[in-house]
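**Q** Below, each chain spelled out in residue letters.
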Amino acid sequence: MLVDVFQRLSAFDDIHNYRYIGFGSIYFSDFLLFHRTLGFTKMLSIENTRTAEEQDRIKLNRPYGFIQTEFGHSSTILSKTEFDDDRTIGWLDYDSKFSKSVIDDLSTFLSKAKSGSMYLASYNIQDIAPPQGVTEGRTPEERLEIAIGEGNKIYLPSNWRTLLNGKNRGTLFAAILKNKADDILMRRNGPLEEQSKLNIYPIINILYRDNAQMATFGFVIYSNREKELCDNANFPSLPFAKSTVDDYFEITLPNLTFREIRHLDQNYRSQTKQPWLPLPQSDADKYWKLYRYFPHFVETEL
Amino acid sequence: MVQEDPLVVHASPTKEFFITILIRDIKLIDAICDLIDNAVDGARRLCPTAKLNDLFIEIDASKESLIISDNCGGIEVSVARDYAFRFGRTKETPNSPHSIGRFGVGMKRAFFKIGSKIDIESIAETSRFKMNIDVNKWISPDNKDKDGREQWDFSFAECQENITNPVKNRQTIVSITSLHPTISAEFSAPTFKNKLIAAIESAHSKAIESGLRIRVGETDLSLRQISLLNSDSIKPQFTTTLYQKEKTVTVRIYAGISDQVLSDCGWYVFCNDRLILQADRSQLTGWDSENGDIEIPRAHYQFARFRGYVFFDSDDAGELPWNTMKNGVDEESSIYQATRLHMINAMRPIIDFLNSVDNELQADTSPLKTIVDNAKPIQLKDVEQRQTFLGPTASQIQQTAPKEGRISYTTANEKLARAKELLNVTSNKAVGEATFYYFLRANGDE
Ligand SMILES: Nc1ncnc2c1ncn2[C@@H]1O[C@H](COP(=O)(O)OP(=O)(O)OP(=O)(O)O)[C@@H](O)[C@H]1O
Ligand SMILES: [Mg+2]
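Order-wise, the sequence lines are chains A and B.
Using the working numbering, you'd call the opening residue of the first sequence number 1 and step up by one each time.
Using the working numbering, you'd call the opening residue of the second sequence number 303 and step up by one each time.
Quick caveat, the hints were computed from the structure, so don't treat them as lab data.
Certain hints may be false.
What the hints assert, rightly or not - List of simulated lysine-lysine pairs, BS3-like, C-alpha gap at most 27 Å:
1. 227(A) - 683(B)
2. 197(A) - 549(B)
3. 683(B) - 112(A)
So here's chain A without its partners, still in its complex pose (with noise of 0.2 Å):
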């Protein structure tokens, strides 16, 4: 799926030139994937590891030597990190639960990504918990301030109480970095002349279930001089694209075995019924509205 966004970000510039910043771990699986289909060569994986044989182990778990590895915490590295040349696809992929660092990431790679990158992060939307972990007999709003942060309360969206359980939550967050993305564009556009003024256009907000709930939020960040640059990406045309933080797509998965996909798949003209197969409606569905992106998700399974 992302892969098919960073394609229409081709419409800003070759697509090889572009940047991209990860949490490579030790897999690198991100990384292996983009280079394959996209062809990016700067690459820059992120580690919170200070110790010398674990950042020994990831350099040497690194797939390809261009991809550059930096220890250190998210929001050190990143705002370290030169901006000014690329034009940058960072993916923030937390596994943690979301918390005031995936905030103040945000802030550091919009104080300084130009026109035609990209910020995408994930995190764990399973449950509202401090990072210390300090939940005992909280309240879901006092653990919500724990977790974003005294100072990042104003970024709260103003029905925040009503989005705090289950799926909502990912709403709550994605307002939440959405609002905190247009304030640092408020400061950072204040002294530019009108042409460099710079937006962020939302696409991406995905619900889905790893071993928990999860939430990918994404936007594209684009300058008044390469709006129309932006227009011809044509992002809304995507067909999981979200432009406003209420609305996401979800992601579920119907339980098909291999025989039923190929089944599917075969019949692929015969999108609407299947007489002949005996699956409910829904999961047929559900398969349809994700066949593309299917078997990237099921690989580790298979």
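With the hints as your guide, set chain B with the ligands onto chain A.
**A** Below, chain B with the ligands without anything else, positioned relative to chain A:
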């Protein structure tokens, strides 16, 4: 009396109100600095590119008076008549490039703040004048113009135009007498002079560096060099950003580490080379905002080494983020808001580094401290452009870590004596070494 229009509703300020509001918040030292700012502007107008070597400003504060004299070009009668003594600048007010003067209020505010009799004498290129202001008379209800309206204007005591005065004769002398009692008391306080010196030395280090002589009483002010630590493994950030709208503003940011002095730690902000904010460690400069597990925290002692310097420069002083008292930033300024984002980014890696230096205190070895101790101060003008602060790499840290470690412990003297006997050695040190190697050999090493 002139016949009044019955539809007119009066809204003009009373002079008392005006003065009270004007001087309400300004501190005495800041008011004096305003007078010095004007002379520094004069010096830069006189020698825009050259050194300020033959120029001086002298400040003399006593129980009775404050006298500030300078030879920085003087005030032309035409400027004095139409602009200099007005409250606030007009569109036509001549603007000298890269000036500190901006609002058109500093000098008058300083007068009112300090005393009630002000005598100004000035000799400029083509004119000279003398002027005596008696504030009490000026405020008095009897002070009316020929139409019977409240008189706001001042008048020259003497003035001469269309003459030629050589550079060396040009000067301005401001003397303020009939000091307000609190001011007079401050001037006699033993610490006052030092405070004033410190304030001017920091505010105008750039002018002093350019050769301008500033003297407070008998003391010549000295240049306070700004420096940051630098070595192969530690380098300060130095970035330049240009903002171009109608006017250009250049923003330079330097950030790094220096001596471990908490009172000096923080951000320093300069506008047109005039320091307006010193050692700030508040939200205003991006401290205090939490950030995951590393925070840009309230200043703790471990961050005492942090220093950041921001220089805003523009030919048009109106573009710069200063407040009217020149002792703080205009937080709402869009240039400042944008720069603050850069300041936060600049600070993070340094805070992170200082945290690691601090964590090392609990460890057995302290390579980072050694690296910091080995770095040498360099002046800002010698700092090279760098996008971010450079801290030591893991391998530099490893190389610095000492190859040997020390073990020490104490034991009872009888036992120690017995060990010496058994080992056939005489010193405690030898016992330590012999027993250590004995242990290793017993385990099959060495
Ligand atoms: N010592 C001096 N030498 C030369 N010119 C002077 C001197 N003192 C005052 N002036 C003139 O008087 C003017 C008014 O000074 P004042 O400090 O009131 O306002 P300003 O400097 O224009 O603005 P600001 O309120 O920002 O200081 C100055 O602009 C300058 O032209
Ligand atoms: Mg002034």
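**Q** Next step is simple, just say for each hint if it's right about the structure.
**A** Hints and how they fare:
| no. | hint | in the structure |
| --- | --- | --- |
| 1 | 227(A) - 683(B) | 40 Å, violated |
| 2 | 197(A) - 549(B) | 17 Å, holds |
| 3 | 683(B) - 112(A) | 26 Å, holds |
Figure legend: structure checked against the earlier numbered hints; the only hint not met is number 1.
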